[in-house]
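A.B. asks: Got chain W sorted already, so can you dock chains D, A and C onto it with the hints?
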Amino acid sequence: MKVIINSDCFDPWQRLNQFQSEMPDTMQGSYGATAVFVGTMRDFNEGDDVSDMFLEHYPGMTERYLENICLQATKKYDLLESLIVHRVGHIKPNDSIVLVAVWTEHRKQAFIACRDIMENLKSKAPFWKKEQLNKGQIRWVEKNTQG
Amino acid sequence: MKVIINSDCFDPWQRLNQFQSEMPDTMQGSYGATAVFVGTMRDFNEGDDVSDMFLEHYPGMTERYLENICLQATKKYDLLESLIVHRVGHIKPNDSIVLVAVWTEHRKQAFIACRDIMENLKSKAPFWKKEQLNKGQIRWVEKNTQG
Amino acid sequence: MTIHVKFFASMRDLMGDDQEISHNILEQKNIKTVDDLWIYCAEGKERPNNVLIAVNMDYVDAQYFIKDRDEVAFFPPVTGG
Amino acid sequence: MTIHVKFFASMRDLMGDDQEISHNILEQKNIKTVDDLWIYCAEGKERPNNVLIAVNMDYVDAQYFIKDRDEVAFFPPVTGG
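Protein chains in written order, with the working numbering: chain W, 1337 to 1483; chain D, 1337 to 1483; chain A, 44 to 124; chain C, 44 to 124.
A couple of the hints might just be wrong.
Subject to a maximum C-alpha distance of 27 Å in a straight line, what follows is the list of computed BS3-like cross-link-like pairs (lysine-lysine) [what the hints assert, rightly or not]:
(1) C:Lys-75 <-> W:Lys-1479
(2) C:Lys-110 <-> W:Lys-1460
(3) A:Lys-88 <-> A:Lys-75
(4) W:Lys-1428 <-> W:Lys-1460
(5) C:Lys-110 <-> W:Lys-1479
(6) C:Lys-49 <-> C:Lys-72
(7) W:Lys-1428 <-> W:Lys-1471
(8) C:Lys-72 <-> C:Lys-88
(9) D:Lys-1444 <-> W:Lys-1444
(10) W:Lys-1338 <-> W:Lys-1411
(11) A:Lys-72 <-> D:Lys-1466
(12) D:Lys-1412 <-> W:Lys-1479
(13) A:Lys-72 <-> A:Lys-88
(14) C:Lys-75 <-> C:Lys-49
(15) W:Lys-1412 <-> D:Lys-1411
(16) W:Lys-1444 <-> D:Lys-1479
(17) A:Lys-88 <-> A:Lys-49
(18) D:Lys-1412 <-> D:Lys-1460
(19) A:Lys-72 <-> D:Lys-1428
(20) D:Lys-1460 <-> A:Lys-72
(21) W:Lys-1466 <-> D:Lys-1444
(22) W:Lys-1412 <-> W:Lys-1466
(23) D:Lys-1444 <-> W:Lys-1411
(24) D:Lys-1466 <-> D:Lys-1444
(25) W:Lys-1338 <-> W:Lys-1412
(26) D:Lys-1466 <-> W:Lys-1460
(27) D:Lys-1412 <-> D:Lys-1338
(28) A:Lys-88 <-> D:Lys-1460
(29) D:Lys-1460 <-> W:Lys-1444
(30) W:Lys-1444 <-> W:Lys-1428
(31) D:Lys-1444 <-> D:Lys-1338
(32) A:Lys-49 <-> D:Lys-1460
(33) W:Lys-1471 <-> D:Lys-1466
(34) W:Lys-1444 <-> D:Lys-1428
A few chain D residues that don't get close to chain W, going by computed Cβ distances all over 10 Å [what the hints assert, rightly or not]:
(35) Lys-1338
(36) Glu-1358
(37) Lys-1411
(38) Trp-1476
(39) Lys-1479
Just so you know, the hints here were simulated from the structure itself, not pulled from any lab data. Think of the CB as a built atom: it goes at the ideal place given N, C-alpha and C, for glycine as much as any other residue.
Just chain W, with the same shape it has in the complex (with noise of 0.2 Å):
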């Protein structure tokens, strides 16, 4: 289980390639599903074009927070590993924001706990994004996407 607050651009796909080469040996052979999800920043949302965004959190409670959604996804599914990356700072259109993957054994779980975890972070987890929008407007996004 491992959690990344990162405020450099980070590739999802490089992460998960190191992640997994990291993981110990005992993990071999022992997973057979990994569910994935990554969230990217678009260049559109609620109807404006939007050049840059800035993303807050509440350092340490947001840690905490991540820390026990993957805890309570972990005892609830079975993970057999867990990783969230979570991106912070100044984010440019098609940056990756998050990245959530986990590991089980069968397929319904990873696919269930991984979209679990990222619905508790959308709900939970302390963090507010700012969009600058190409007509140059400043504004706080209000509310996340229905999940």
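C.D. replies: Below, chains D, A and C alone, put in the same frame as chain W:
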């Protein structure tokens, strides 16, 4: 939309990296969600240690069904892109068997589409697994686990 | 008519040598459906309950009417992914 | 008692300068709950309906009793992921 039948070992994260980097510029900033599933060979199935697997398929029909499944999901869930890679031939524990990935605007569609494609693949695509057990026995896998 | 018949996985094991064969079927044999074709090919072996059938790479049921040059495949439940 | 108060995102914009401040609260001020604390800090600004509250980094409601050295945070609905 891309479907690949692969007789060599493949690294799912590298494939995703490559596939995404080859996307046209118009895709940049258009997708907000990517959902991925990777199925990996376990060294254990139905109570037995498994040392080796052979994955047979029906050339022609397999590709046709995977393409159909992708096409249906693309229409139903407004997929912006999709990728299926499926291994055939001789496989070892810890090898990737299947990769399903979808790109959408919002997360809900991505989660549902990825799972839907996997369930359709599991129930429709003509592949058959033959396991070699550690104790020497060879057997056809009779059915997939519940999704 | 000429029918190309394929057997996959455990169905091929069941059929032994006849794993992929073209049958020249004389019209008077009265082979109309996939089920008739199984009986013609299987030399008395019963068709397993869970066998899946594809004609020209599309799933059909055993009552499907075959025609000249069809490719008919028999296989067990799929186990990919 | 000393209470450390934090405001995030649009809640910080609302509060202006008071974004992160330690308040030395005299006992006779009769500040018991998070709600009392808001009234004490907010200089007449109404507490938005959807404001979220955390004490020592756990979610609580406005009736939560605060104690010396608590860290209290006010912020809008979260929008991560």
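A.B. asks: Could you work out which of the previously given hints the structure breaks and list their numbers from low to high?
C.D. replies: Hints 1, 5, 11, 15, 19, 20, 22, 24, 26, 30, 33 contradicted; others consistent.
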